[in-house]
Amino acid sequence: MKKQLIAALALSLSVFSFAQKKELKAAEKAVKSTNFSEAKKILTSIEPQLETFDDKTKAKYNYIKGLALYANGAGTDKELNKGIRLLNSSRKVYKTEVDVFKKEMLNTAVAKGNKSYESKEYGPASYYFEKAYNLKKRDTFYLYYAASTAINVADYDRALVLYEQLKDLKYTGIETVFYAVDVATNEKVSFPSKKGQQLAIKTKTHIKPTTEKAASKRAEIVKSVALIYINKGDNDKAIKAIKDARAEDPDDVNLIISEANIYYKTGDVKKFKEALNVAVEKDPENSELLYNLGVVSSESKQYEEAKGYYKKAIELDPKYVNAYINMAVVILGEEESIINEMNGLGTSSADNKRYDVLLKKRKGLYSEAVPFLSKALEINPKSVNAATTLMNIYGALGETAKKNELKAKIEAIKAGQ
1 MKKQLIAALA LSLSVFSFAQ KKELKAAEKA VKSTNFSEAK KILTSIEPQL ETFDDKTKAK
61 YNYIKGLALY ANGAGTDKEL NKGIRLLNSS RKVYKTEVDV FKKEMLNTAV AKGNKSYESK
121 EYGPASYYFE KAYNLKKRDT FYLYYAASTA INVADYDRAL VLYEQLKDLK YTGIETVFYA
181 VDVATNEKVS FPSKKGQQLA IKTKTHIKPT TEKAASKRAE IVKSVALIYI NKGDNDKAIK
241 AIKDARAEDP DDVNLIISEA NIYYKTGDVK KFKEALNVAV EKDPENSELL YNLGVVSSES
301 KQYEEAKGYY KKAIELDPKY VNAYINMAVV ILGEEESIIN EMNGLGTSSA DNKRYDVLLK
361 KRKGLYSEAV PFLSKALEIN PKSVNAATTL MNIYGALGET AKKNELKAKI EAIKAGQ
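Here our numbering is used: the first residue of the sequence shown is 1, the next is one more, and so on.
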């Protein structure tokens, strides 16, 4: 009886194994015929027995199901992700087939991602770039593109997940870029590899080969993470994101500026100013930092300090239009207290004398502001704000000819807009 039972069981296993192979073959045939729904139906029917499969049969099952879920790129996002995982798990047995197919999937995903991006369809582009990364983890720049395009459609929760992955991977985006000048167009173009660059030089279609390092995207990534947390109302995590990055690279001015911007957005002017001062210490020749310090000082009613910062910004960048205009604004800002005092004076002899003193002081402010507004208008002849303020000043100073000249100029600017 024992021998009969063993024989019967062996026969049963043999029949079952044959059934597995038959169904797998049918599913494989359905995939080849692009009847993916039929293939998935067959594979689902034998899935309960998956644990009984030997390694080779299980690999075949995963390979076929991966193809069926991918469905030539027509599968849902969930199906595509699962399909990629199944194909990866079958690679030990189907290495060549999986590598060839994944390369095809990668090319398709990148092509669709680029097409969507060029059409400004950033949502689909983001998903395609993420698929490309999942297919080739080594190419982390696809994950960066997926995150940055998710930001473009305000898909912040998803972008945050992608950016956090980039942070964990310590992605910087720094890479070597190969350039050469196209002989036909005289334009500098990039090549995906040094080999491609050298071939173009060798065939004489391009000249002047150069190699450059792409700037780090690390500060941008950290800043994006921080801004997402701010958008979510989680300012503490935003600050922590910046501080973690600064701990790794304390001399990165961009990170310091990003931290300053977070303080500004959260209304912490004191810390914003402190962070900017640290940035200035690291980069004392940065006119924009000094300009921003001027702005925050002015908003804090520290006018003399603001003037000092604007003056330094102008010294570093003599064509910094906004610095000239803001300098004039700070100077003219002192006019309000003078006017208030003038309006509060009576008609006594002492009041009249005080009025004359204040009037002279007021005109002195105008005269002090004129050179800055004139310079701003010289740099940007179409600045209506500078021209209008200057016109009003000349009117208050009684310089009618200059006032009329500027009035005509403003009309001409507006007519040309």
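It should be emphasised that the hints constitute simulated quantities derived from the structure, not laboratory data. Note that the structure is a prediction, hence the values are computed from the model and not measured. There's no promise every hint is true.
[Claimed, not checked] Quick list of in silico lysine-lysine cross-link-like pairs, DSSO-like style, CA-CA up to 27 Å:
| id | residue 1 | residue 2 |
| --- | --- | --- |
| 1 | Lys282 | Lys243 |
| 2 | Lys167 | Lys95 |
| 3 | Lys95 | Lys58 |
| 4 | Lys58 | Lys25 |
| 5 | Lys307 | Lys382 |
Hints not upheld, ascending by number: Violated: hint 2 alone.
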